[in-house]
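Student: Spelled out, the chains give:
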Amino acid sequence: MRYSIFSLISQALKGHRGWQPAWRDAAPKPGYDVLVIGGGGHGLATAYYLASRHGISNVAVLEKGYIGSGNVGRNTTIIRSNYLLPGNTPFYELSMKLWEGLEQELNYNAMVSQRGVLNLFHSDVQRDAFARRANAMRLAGVDAAFIDREQVRSMLPFLDYETSRFPIQGGLLQGRGGTVRHDAVAWGYARAADSRGVDIVQNCEVTGIDIVDGRATGVQTTRGPIKAKKIALVVAGNSSRLAAMAGMRLPIESHVLQAFVSEGLKPLLDCVVTFGAGHLYISQSDKGGLVFGGDIDGYNSYAQRGNLPVIEDVMEAAMALWPGLGRVRLLRHWGGVMDMSMDGSPIIDHAPIEGLYLNAGWCYGGFKATPASGFCFAYLVAKDEPHPLAAAYRLDRFATGRLIDEKGVGAQPNLH
Amino acid sequence: MNAQPFRLPSGGLVDRTQTLSFRFDGKTYDGHPGDTLASALLANGVRLLGRSFKYHRPRGVLSVGSEEPNALVELRTGARREPNTRATIIELFEGLEATSQNRWPSLGCDFLSVDRLAGSALVAGFYYKTFMWPAAFWEKLYEPVIRRAAGLGRAARFADPDHYEKAFAFCDVLVIGAGPAGLSAALTAGRSGARVILCDEDFRLGGRLLAERREIDGRPAADWVAATLAELAALSEVRTMLRTSVFGLYDHGIFGAVERVNDHVAVPPAHQPRQRGWRIYTKRAILASGALERPIVFPGNDRPGVMLAGAVRAYVNRFGVLPGREIVVFTTGDNGWATVCDLVAAGVRLSAIVDSRSEIDPTFKALAERAGARVFAGGAVEATQGGHHVRGVVVRDSSGKHTTLSCDLLAVSNGWNPTLHLTSHQNGRPIWNEDVQAFVPGTLPPGLAVGGSAAGRFTLAQALEDGARLGREAAVEIGFRPTHIEPIPTTDAETNRVKPIWRVRGGRGKAFVDFQNDVTEKDVELAAREGFRSVEHLKRYTTLGMATDQGKTSNIAGLAIMAEQTGRAISDTGTTVFRPPFTPVAIGALAGHHRGKDFRPVRLAPTHDWSREQGAVFVETGQWLRAQYYPKPGEQDWLTTVTREVLAVRTGVGLCDVSTLGKIDIQGRDTAEFLERVYINGWKALPVGKARYGLMLREDGFVMDDGTTSRLRENHFLMTTTTANAGKVMQHLEFCHQVLWPKLDVRMVSVSEQWAQAAIAGPKSREVLRDILDAVHDISNEAFPYLAAREVTVNGGIPARLFRISFSGELAYELAVPADYGEAMMRALMAAGSPHGITPYGTEALGVMRLEKGHVAGNELNGQTTARDLGLGKMMSSKKDFIGRLMARREALLQSDRPTLVGLRPINNAERLRAGAHFISMGRTANTDNDEGYMTSVAYSPSLGHWIGLGLLKNGPRRVGERIRAVDPVRNSEIHVEICSPIFVDREGTRLHG
Amino acid sequence: MAEQATSSWCRRDAWAAIIQVGQIGAAGEPGVKVQLPANLQLATLIATTGSTGLERITKQLVGLDLPRSASIALSATHGLAWSGPGQWMLLARQRAGFSELTSLLSDEAAVSDQGDARAALCVSGRRAREVLAKGAMIDLHGKAFPVGATALTSFAHVGVQLWRIKDGPDGPAFEILVSRSMAASFWSWFAASAAEFGCNVARPG
Amino acid sequence: MRIPCPHCGARDVQEFTYLGDAKPRRPEGLDATEAAMLEYVYVRDNPRGPNDELWYHAAGCRAWLMVRRHTLTHVIESAVPTKSAKAGVAA
Ligand SMILES: Cc1cc2nc3c(=O)[nH]c(=O)nc-3n(C[C@H](O)[C@H](O)[C@H](O)COP(=O)(O)OP(=O)(O)OC[C@H]3O[C@@H](n4cnc5c(N)ncnc54)[C@H](O)[C@@H]3O)c2cc1C
Ligand SMILES: NC(=O)c1ccc[n+]([C@@H]2O[C@H](COP(=O)([O-])OP(=O)(O)OC[C@H]3O[C@@H](n4cnc5c(N)ncnc54)[C@H](O)[C@@H]3O)[C@@H](O)[C@H]2O)c1
Ligand SMILES: Cc1cc2nc3c(=O)[nH]c(=O)nc-3n(C[C@H](O)[C@H](O)[C@H](O)COP(=O)(O)O)c2cc1C
Ligand SMILES: [Zn+2]
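Top line first, the protein sequences correspond to chains F, G, C and S.
Start counting the first sequence at 14; every next residue gets the next number (my numbering).
Start counting the second sequence at -4; every next residue gets the next number (my numbering).
Start counting the third sequence at 726; every next residue gets the next number (my numbering).
Start counting the fourth sequence at 8; every next residue gets the next number (my numbering).
Next up, chain F with everything else stripped away, as it sits in the complex (with noise of 0.2 Å):
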């Protein structure tokens, strides 16, 4: 049924009696063209693309929990395309385009909020190296403005400007940027795939992958053997995981990020802010809640929580860039399992096995880039070639030094 305000009026009148399943919990079938391995964001958008795209609907999700129990259903929500490397830019760019005219495109309404994204910065340096990125976003054709402390306190009166260990000299301010309700995103592609014929499958986790000279034919699931001519992985903090399945070891880590939500709150901020001299952002949710983000705990983590150091952390950059905020308090906290890569940037490329596709190391900047990424990847697993937007996300380009290292920090994960 088409979402609409007629609708949910006519609903309402009948006691929403007549609503649909937003998807159909689908049982596995034998085999599939494309099996997508991983009910997240970009797995579910990977599948939406492949059949809206490509004409491609004979495709399983398939989901170890249920959908949007990973990373997906746990960021904070954050969309912003203010990257600094060639490689980079254009691709979130797309991805920020996706975004756009994405509620229209799927029928439903994830929430596409572009109330700004300012990232604060501190230091001299700080803003030579932001002066940078903002010149990189306006010359790949992105909305990006330097504002001066001013301005910043024009917008955001209630900052520390006075007594700051670090004083605030300004931001990069992206006012297309802004946060998107992350569960609607995994239910609206889940929604739009299902309508097209994909079958989502949850409660089925992957155990094997079948690979038979050199070949992926099919994998192996709790709820039984599935075959597939292509088989793409797109379980962001898991893909090491399902990489060793396929014997493969990859340049990830996997970390955990915590996030966090106050009590809901009367509307008080209406951007999205980072903190530059700790590690710290904050936006205010629909719900009123601040919601919060800041360091990864630093040490390899499937265990999906996080631990005391950091949470100290983050609160403690939150009282030192808002000193109003000591009497708000901390409602729910909880950890997400991130691949994180070894240059920081993504991989969407074939694996070295044919018939087997990889889409990871999102570290902790990958719901941003949901739309761009299944778009792409659906691409990729379609065609068979890389699409022109995301071809430096190549599994050799630590092999050849063609590395995207938009922070400069090498090959040490945890610090990226």
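Treat the hints with caution; some may be incorrect.
Straight-line C-alpha distance at most 25 Å; calculated DSS-like pairs for lysine-lysine [claimed, not checked]: (1) G:Lys135 - F:Lys279; (2) F:Lys27 - F:Lys243; (3) G:Lys869 - G:Lys685; (4) F:Lys27 - G:Lys505.
Simulated from the structure, these hints should not be mistaken for lab results.
Keep in mind the model is a prediction, meaning the values are calculated, not measured.
Start from chain F and add chains G, C and S with the ligands according to the hints.
Tutor: Relative to chain F, chains G, C and S with the ligands alone:
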């Protein structure tokens, strides 16, 4: 009006000898010490305390603890305003001021309350289905409206004036909860000699015993509590912490807790924090957190005056408050009868008791008779009546007949949920227990045991028994020996049978599952219908359990209804994950002292005060504050100052503090070999008494850091690093030594803090130094040439180190003395230099001069550049292995068109360059495809009279002489520049060697 | 090297302009007492791997056994604090003779002067442990941290080494070394933490 | 987390910095191949289970430790100085 009309004439743990005056929504009321805001308001007959999130429904007090979903207020005012504060746990103090929230214009008359019709469209997830057309309307219209409706309370607008702190505690056994289970656990563990911490979030210890009329060993339970507390107080290794919520369980037995040190007073006393955030390190922990009573889902169940039966008991017994006068009890188990019993004991009559069970125990029947109450066995409440609070209920009896009863309090009970949240913090899953009709703890994290109600063992006898046993077991497990075993106290009889019902069917109107987020049974049904059947989907789609109470009272009904909708058992449906914090924690308490200037330590050079005296403006460099420039009176802008400083160095002599550089003392037979491996260039041939510039790479082939390293003796080197990278380099060297090459005899230690160091630069620098050094030291050009490095003495024997190195390109020295002498050194140099016009200069002038000389620094050493990129490729030795050697050879890193270091000068000398501008060839469109690099650093060169820059440019060095565009769209500028050598001044280095 | 400091070259230790002598925080009998040791001399000693020479010579020169685990050997004049595997902090309570002493050790160890690299303070008083517990992520309970124990750790983001010296009249006493550059930040935290107990600061001589 | 430093005793994880997998051995010397170095620098097992890791007691004794820690439960089995564990040392 009668003051506190609902206060019982006697009883309770409030201090009636004192009266506290407080305000709610502008009206003044009285209460007593020992009250909570909720009990005091109830005593005054105030029932309407708040409005719900979505529908703005009137809400009152449901519970008596931190699980409260409804009675949320804004506490205090101004910068101390605290939104969403639970009236049920706010301790009353004189002058307390609270305001209702989420209503407009007033609590009684809220225009935002949603009527039936609109309410029927605002079902779970309605926003996903609409507001999509026209696309532009979302940001401009729909979303702002939705957002305005968001949230409950208002955060303070100003900086929090109170202080917070952190603290760390260590114990053998942590006991969480000081009810009967926790008290006896603390007692047995404590008696064995173990170090025990007993925490309770309440402001009085005793747990449910404070709320109940129970007997222990034949005496009132309060006596046992008092005796136990007295014994605990006498045990020196037992520490009791009141008002302390344990909010999270983290890895390896570490708990987070928050102590509300001064929330029970209007303003924290001088020198005291408002709250303290604790990290508690434990060997064992016992969770004795009790249980939370469950409400019942039926239409109108959210109206003020509907209260948990156990809470009613607590208000009566602990606070001496009768929350209503015409009382109906609606229960699905024995617990409702306990309330009847206590009301009767307090001399209160009841209207009716509705028990959903068809069989009623004869003793209960007798009790009802004494209460003068009608009994509806097998009945249910189908609706409540009233406006802002309950005035009546509609009861359906076992035959289906409806009776309307007037009442102003409906006590409900549907059994209890163990407070097992902390057992889930490490991903443990609770399991459904049919016997007790509740989820009980599943797999426990290492070191944690659960007892009493928290384990689903709901009787007092079980609580006492569990506590005693677990306390002893914990102590024994970590090696303590209990002395003698005291008998477990006996208790009066108690029954706790329950047959929960997850919703009352048949009624009309909204039946709430989650009170705060306004999730109704219909929303759960809708979620099931639309395929959101996993409990986690249910939660996210309907927001069930996502409010400030985290569904402590609501989750169970939600999942039970989902189970029923999907034909699954409750055990198969499962619960959502509980995450920390157990109750919301103020951000201030987690940050502690670390805000404002104390956010992170600041590092000050030993010469800091001297620089300040000289009028320095300071700049953050990593954690350090460094003197950036030294303005003189009358100098209008920094450029004037910096230009003066640079010219002073270039023509006379200048003095700059460089103490912040990292300094690593490296000694041992293999030091030279070690340096060979960590630096790209050679070290073995460096003579004693000489310094050399070194560059080190990361193993991935990119530049890590640079600096000069001096050979002080055969096996003793002193390495310097950049200020920013000092810690990183030290760690890297320790890695190389301890992990990669443990066999090498190298021993290193950071001496960064030991030495104050000053650069004395400029043609007159030698003269100045001569005055300072003890006469024995010959520093003529011959005796102390460029790159000489030696231990010397000053002022008659003070040990010092002298290096002839230069970042500025002038004849220059760096002199290091023990840090205590740092300031004296600066003063002495100033005095010695005054005939030559010695001028202090800061990092800004230093930056100008290094740029004039083409020296790379932070902006170029950004982790993305290789030695080749920086024009230093030739330094890479081919005769030895070193860190980063192989990875630096990767194909793309050798490509000739990689951006490489060049100098840039404006074609129009008047134009100012900007770091961060990108390079585009003349005639090309400014876009990513044509982007050829960027300007890394710029400065105004007083020597040349125009701006100069360093940049990384594709094919750079081969393009010297070419003109290109430096575009800076974010600052609306574009400047044409000429590519030149990065060395702008004294290319031959004559000044340096002079 | 004999050093004849003249008036123009005054020493200025790390606490100058940071700490003021007197009472801070709550008035009345101070719960915490701070003493700033004067003339404390320090040097890092790192032994050659496998060599036992250092053990012998320290015993000979200062009469103390080189601690093999996280503890400190103390005499009235000297101390040897374990400060990492194969590393010690040598301390002397007076300036005279220290450079001669370290040069005698330099055959058996890499010696680096650190006397100016640290700001030292001694904390005692009834509430000493409570103040330190506001920053110490280590257990300072008498059993876990007896007299003579030492630890390298951090307080409130500032790296420290501390050890427990002989108990004072009102309970345990600790000596703490703080990185010199962070002395001001350390003190800001310490003063705020000690204020509720009342804190008396003294500087001998 | 608390890491049981063999020198200092159990200490909060906050005192440590993390480097990662301790298994890869640096290919040493002028004969080392680029391919081997590539593996060493970039490729990881990243197991969900016990993992040998390099930790540095930065705020403590400054020793590099090899810690065997479970990446799902975070339970630590052992922690030894790398010097005795030979982590990362050329074979
Ligand atoms: C706390 C946090 C904050 C973040 N904040 C942001 C942000 O603000 N902005 C941003 O852009 N990015 C952010 N990210 C990153 C972003 O969420 C992720 O990069 C992105 O969601 C990853 O893609 P995904 O949605 O496909 O992953 P996931 O949602 O993790 O999808 C992977 C799916 O694969 C499934 N799976 C795994 N193994 C198997 C198997 N064997 N069989 C079947 N299924 C399997 C998993 O269950 C999971 O559902 C954040 C991440 C976290 C954890
Ligand atoms: N009849 C029944 O069905 C029934 C049900 C439940 C409880 N009870 C009665 O309740 C009592 C149970 O004793 P008990 O000791 O198990 O529990 P309790 O409820 O008496 O005590 C639990 C204590 O833990 C504290 N607490 C909970 N979580 C905390 C946290 N995270 N941090 C700090 N403090 C926390 C609470 O403030 C409370 O004081 C018995 O008297 C029993 O009879 C009876
Ligand atoms: C942007 C965002 C906002 C959230 N807001 C809330 C909230 O208001 N209340 C709440 O209980 N949880 C909130 N959560 C957290 C979820 O409840 C949940 O913890 C998270 O999705 C991770 O799932 P898990 O805890 O089940 O592992 C939010 C999560 C995200 C990503
Ligand atoms: Zn250690």
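Student: For each hint, tell me whether it holds in the structure or not.
Tutor: Hint by hint, here is what the structure shows:
Distance hint between Lys135 of chain G and Lys279 of chain F is fulfilled; the C-alpha atoms sit about 18 Å from each other, no more than 25 Å. At roughly 44 Å between alpha-carbon atoms, Lys27 of chain F and Lys243 of chain F are farther apart than 25 Å, so this suggested pair is violated. Note on Lys869 of chain G and Lys685 of chain G: the hinted pairing holds, with a Cα-Cα distance of about 21 Å set against a maximum of 25 Å. A distance of roughly 16 Å separates the Cα atoms of Lys27 of chain F and Lys505 of chain G; the hinted pair therefore holds under the 25 Å criterion.
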